[in-house]
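Colleague: Assemble the whole structure, with the sequences as input and the hints as a guide.
Here the protein sequences line up with chains D and X, keeping their order. Per my numbering, the first sequence starts with residue 1, numbered consecutively. Per my numbering, the second sequence starts with residue 1001, numbered consecutively.
Derived by calculation from the structure, the hints in this document are not laboratory data. Careful, some of the hints might be misleading.
List time: in silico EDC-like cross-link candidates among lysine to aspartate or glutamate, alpha-carbon distance up to 20 Å [said to hold, decoys possible]: (1) Lys1010/X x Glu184/D; (2) Lys319/D x Glu88/D; (3) Lys1006/X x Glu88/D; (4) Lys1052/X x Glu1024/X.
A short, non-exhaustive set of chain X residues, derived as facing chain D with CB atoms under 10 Å [to be verified]: (5) Met1004; (6) Ala1017; (7) Phe1028; (8) Gly1034; (9) Ala1056; (10) Thr1069; (11) Asp1071; (12) Leu1073; (13) Lys1074; (14) Cys1078; (15) Gly1079; (16) Pro1086; (17) Ser1094; (18) Pro1098.
All figures in this text were calculated on a predicted structure; none of them were measured in a lab. C-beta atoms are modelled at their ideal positions from N, C-alpha and C, and glycine is treated no differently.
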Amino acid sequence: MAAETATVDVKCNITFGPQHPVFPEPVQFKLEVVDEKVVGAAPVLGYVHRGIEKAFELNDFKLNPALSAKICGICPSPHTTAYCRGAEMLLGLEAPPRAKYIRVIVNELNRLHSHILWFGLLGDAVGFESYFMQTWNYREKVMDMLEKITGHRVYYATNGVGGVRRDITDTQLREIETLMKAVEEDMGSIADVVKDYTVKKRTQNVGVLTADEALLTGAVGPTLRASGIAKDIRMTGYDAYGEVDFKPQTADSCDAYGRAVVRWKEIYQSIEIIRRCLAQIPKGEIMLKTPNTPKGEAISRTEAPRGELFYYMRGNGTKNLERCKVRTPTYANVWPTVTMLSKGCQIADVAVIVLSIDPCISCTER
Amino acid sequence: MPGMNKIVLKNLFKKPATRKYPAEKRPFFENGRGQMVFAKMENCIFCGLCSKNCPAKAITVDKAARVNTIDPLKCVQCGYCADACPKDVIIMQSEYYPPQYNKKVRSVKGPAKAPKPDAPTADAPAAQ
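Modeller: In structure tokens:
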């Protein structure tokens, strides 16, 4: 007589990271796997924590934009914009109109180079290393333009409390228009990845996050918009976004391929927004004289390339802030990632799923 | 990827995207923020505004010894010192700081203190 046998699923724990060739920054995911299928995930963060929120309180509040630009290397412009807008709210001021347009132009150029960077990382995760190299070469044109406008390729410390510290000359405005044409031409090659058969096989139906789950777990940015929900902080019309016609770009497929499509559409949208700003930019002053007494509480939100960036600031009348809390978009997207990973994906899909939210771990851990 | 064939053919006949560094160096754009330099020390009045406005606390101003010091490894090239200086002593140059083997700071000596002009002598009140 055959004995009754029962099968038991043996769970293994596999650690993914913190050193991994596919991640740009150190993050660890402890995966629970059954036979190649992932059934649970636990993130471990804290490898690049630098204590920036405390450092905000130790400096004069007018010097802090130089520090907030250091939180992230790929998106320094939204951080400084959010900080300066928060400080201006504490002082009861608004930046002059030309400064608002310059902030929007630098923010959108930042979004352009960040999304082109992400396409390179996506190609690299799927195995196309030459594509990664070529895409980052196209990105160099945008970074050269940012160096001409702001003075440095990566560290754009041009936002100041009360406006912007550096003006854009008319020659540079014409050069930005030439750059937009060059980027549109390059997009033909960059966007090949969205049409490729291998990439579609690796990203379609991988990392599915339905619209209800996205709202429940608090997803932001392209991760949210790929689930069909049209929410973007630029719709609130801060800075000069109210004066350029802006609509959020969405996709309906709720998977990693949908996020690639949303970022592809956003590149074209950024080019349009920059062109409208170049046509409408007013003349005038760029920086106001501001008092030294921030008082009260302020919340300022901007749309970073990865999602909604949230700054809460509190001042008590002295020139040091009492508290400056930063909630970055990748911080909000960690729980949706864990939800996506726990649904039973393959181990080989973990890299694609984590990359599809565009993780910026130095932002998350400040 | 069929689209890649087009790029491969184009790159066969193009110059390489890399530069033969250090024989060929990248020309910097003007108005860049690569390093800060105490360019016009003869105008310096040692007010200390550059040091107070440095978010990284990389500048030390010694008024008694008339010496300014910049720690290039702490400097973040933000340009706040150049904006704050009332006498335009500091300028931002496009070329980056050169790499260093050890943590050395750079000191620059400034002009000696200008002597005070002689105080006007008060006329003795007319004796009556």
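Colleague: It remains to establish, for every hint, whether it holds in the given structure.
Modeller: Tested hints:
1. This hinted pair checks out: lysine 1010/X and glutamate 184/D have alpha carbons roughly 18 Å apart, not beyond 20 Å.
2. Straight-line distance between C-alpha atoms of lysine 319/D and glutamate 88/D comes to about 13 Å, which keeps the hinted pair within the 20 Å bound.
3. Distance hint between lysine 1006/X and glutamate 88/D is unfulfilled; the C-alpha atoms sit about 51 Å from each other, more than 20 Å.
4. In summary, the hint linking lysine 1052/X to glutamate 1024/X is not supported, as the alpha carbons are separated by about 39 Å, beyond the 20 Å threshold.
5. The restraint placing methionine 1004/X at the interface with chain D holds, with a minimum CB-CB distance near 7 Å, inside the 10 Å limit.
6. For alanine 1017/X, the suggested interface contact is upheld, since its CB lies about 5 Å from the closest CB of chain D, less than 10 Å.
7. At about 8 Å, the closest approach between the beta carbon of phenylalanine 1028/X and any beta carbon in chain D falls short of 10 Å, and the interface hint on this residue holds.
8. Interface restraint check: glycine 1034/X against chain D, minimum CB-CB distance 8 Å, threshold 10 Å, status holds.
9. For alanine 1056/X, the shortest C-beta to C-beta distance to chain D is roughly 8 Å, which falls under 10 Å, so the interface hint holds.
10. Taking 10 Å as the C-beta cut-off, the interface hint given for threonine 1069/X is violated, the closest approach to chain D being about 19 Å.
11. For aspartate 1071/X, the interface hint is violated, since its Cβ never comes within 10 Å of a Cβ in chain D; the closest pair sits about 16 Å apart.
12. Taking 10 Å as the C-beta contact cut-off toward chain D, the hint placing leucine 1073/X at the interface is violated, the least distance being around 15 Å.
13. About 12 Å separates the beta-carbon of lysine 1074/X from the nearest beta-carbon of chain D, more than 10 Å, and the hint is not met.
14. Nearest Cβ of chain D to the Cβ of cysteine 1078/X: about 4 Å, under the 10 Å cut. The hint holds.
15. Because the beta carbon of glycine 1079/X sits about 7 Å from the nearest beta carbon in chain D, less than 10 Å, this interface hint is met.
16. For the restraint placing proline 1086/X at the interface with chain D, the shortest Cβ-Cβ distance is roughly 15 Å, beyond the 10 Å limit, so the hint is violated.
17. For serine 1094/X, the interface hint holds, since its Cβ comes within 10 Å of a Cβ in chain D; the closest pair sits about 8 Å apart.
18. Proximity of proline 1098/X to chain D is violated relative to the hint, the smallest CB-CB distance being about 17 Å (cut-off 10 Å).
Taken one by one, the earlier hints fail for this structure at numbers 3, 4, 10, 11, 12, 13, 16, 18, listed in ascending order.
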